[in-house]
Structure formats: structure tokens, C-alpha cells
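K.L.:
Please construct the entire structure, taking both the sequences and the accompanying hints into account.
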Amino acid sequence: MAKSPKISASQEPGGLIVHISGLLPSLSPAEQRVARLVVSDPAAAARRTITDLATAAETSEATVIRFCRSVGMDGYPQLRIRLAAEAARRIEPPDARVVGGDIPPGADLAQIIATIAFNDARAVEETAEQLDPAVCEQVVEAISGAGRIDIYGAGASGFVASDFQQKLHRIGRIAFYFPDVHTALTSAALLGRGDVAIGISHTGTTSDVIEVLEQARTRGAATVALTNFPRSPIADVADFVLTTAARETTYRSGATASRLAQLTVVDCLFVGVAARNRARARKALEATAEAVQSHRVGANRRRA
1 MAKSPKISAS QEPGGLIVHI SGLLPSLSPA EQRVARLVVS DPAAAARRTI TDLATAAETS
61 EATVIRFCRS VGMDGYPQLR IRLAAEAARR IEPPDARVVG GDIPPGADLA QIIATIAFND
121 ARAVEETAEQ LDPAVCEQVV EAISGAGRID IYGAGASGFV ASDFQQKLHR IGRIAFYFPD
181 VHTALTSAAL LGRGDVAIGI SHTGTTSDVI EVLEQARTRG AATVALTNFP RSPIADVADF
241 VLTTAARETT YRSGATASRL AQLTVVDCLF VGVAARNRAR ARKALEATAE AVQSHRVGAN
301 RRRA
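Position 269, counted from 1, in the sequence shown is what UniProt numbering calls 269; the numbers after and before it change by one each time, with no gaps.
For the record, the hints were derived by calculation from the structure and aren't laboratory data. Virtual Cβ for every residue (Gly too), placed ideally from N, Cα, C. If a hint is listed, it holds; no wrong ones were tucked in.
Listed next, with one range per pair, are the computed distances between beta-carbon atoms:
no.	residue 1	residue 2	range
1	A56	G192	52 to 60 Å
2	Q166	Q78	41 to 49 Å
3	S162	T51	47 to 55 Å
P.N.:
What follows is the structure, encoded as C-alpha cells:
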């Protein structure tokens, strides 16, 4: 099964900044310094000469040119043009103090709330913008026809994996989530052709998830990776790669923004699967809702 096609810088649907952010871990340390300057303030970067940008990034002009090529640009002039266009279309936060997702020392609670709200909302919006409908359709088709679906994730991504498993289970799909790597590995070893294994990792470098996904692929299952970084190691063991576009704020690495972005993708897949058999999904949802109805506090009791 062919892996999802790579997207060049001239094709990226979510914008250049999302594209560069996703490639950040695959760049050299010097190129990463250039990337962070570009991502944090595209408008300022677009106004800089190549010498100015190299100086600000504490690197050489040759490194800036290598960075341009690493992200799919022919050279620095093209990068400046694209950055200027990106800056013009970007929606700026309503609070001028909310910049780049960082929460500076001494920030008051109003600034913290504004920063978190803006960046969480932007993570969802940018994820939706860059999500490839064609790849999503292939994943939905694989899940819809799967005999069994295993979903893997650790830490914050594990909560998303558990949520996805519950959603699929509620519409009658046979799905499992194993938080322990040993039980996940033994489960993956029993998968085969016609099954689907889904690995969720924000960084794409979580060794437990990669190992389990690789085991599932060895057994013949179709493998899906959900990650923020398309060139991360998890992509190497996946038939289909779906990406998020989350940039964490200070103190929140691997936390809310990435989880919200992952849940956005999960919800798209879930609704896509449910829509393929609306009658069956509706009947299953009604049955599961009815099963727990007696455990809900009634309206009369709430008013008492």
C-alpha cells in the first residue's frame, strides 16, 4: 500500500508557516533557528535581507539558503514573497500582547487566557485547513471496512486514542485501545490484512507507539499515523499520514493545543465513518445512549 504523498511548499494547503512548523524537527539546528524566526513573525522575516536574517539567527547566509531548499523553496527571494503573502492573510490576535504563543514572565491572567484561547482556536483552524481530504477519505474507507481497529497513543495522545476508540465502539465498530505497550504489542501481533492500526503521537517520535505500529504493519494491517510532524519517524511505519498543526504555548508542551488538534482529526474521521452507514450508526448511538440513560440524574431531581 502506497504511503500518503508528500506535499511540497508550493502545494501546502494550510499555509507556509504551518508547513515550516511541521518540518521543524527534521531541520539542522542552525536551520531550526532560522525557522523559529520565520514562524514567530513572518512579516518581520519578509522585510529582512538574507544577511539580516542570517545575523538574527546567528548563522550564515548559506544556511538560510539551505533552509529555503529544505522547506521546498528555490531560494531566499521566493521565501520572502511567500512570507509577505502569508503575513497578509494571517489573522492577528485581538490582544496585541498575544504574540507567537509564548506567555512571558509576569503575564496577568487576562493575557494568559487570551493567549491560550487564541492559540487553541488557531490550532483547530490550521489543522482543518491543511488536512488532506483525499487521505482522510482513504483512512475512512479503511476503517469502515476493517474487521478490527487498534488505536495506540501515549501520554496526552493516549487520551485522544481512548476517545477515538470509544467513538468507534459506540457506532458498532470493533475497536480497541491499549494504554500499556506490552498489551498493545500482543494485540498488534494478532492483526492481519483487513485490519487497521492507528498510531497517535504529536511529536511522531514516541518509541512505544512507533514500535506497536510497526508490529501491526508487519502483520499486514493498514497503518495510520496522526502526528504534527510529517517527516517524523512514525511516518516511516505508516501507510497513511494525517497531520495536525498545533504550536504549544509556554508550559503546555504536548498538552491542550495538540490534543484539540488531534481531536479535530479524530472527529472528522469518526463522522466520516458514521456517515457511510447512517442508519446503522444512528441505531447504535441510540442503543448506547439508552443503555446509560438510567444513570443520568433526571430533570425533576436537578430542580429539587
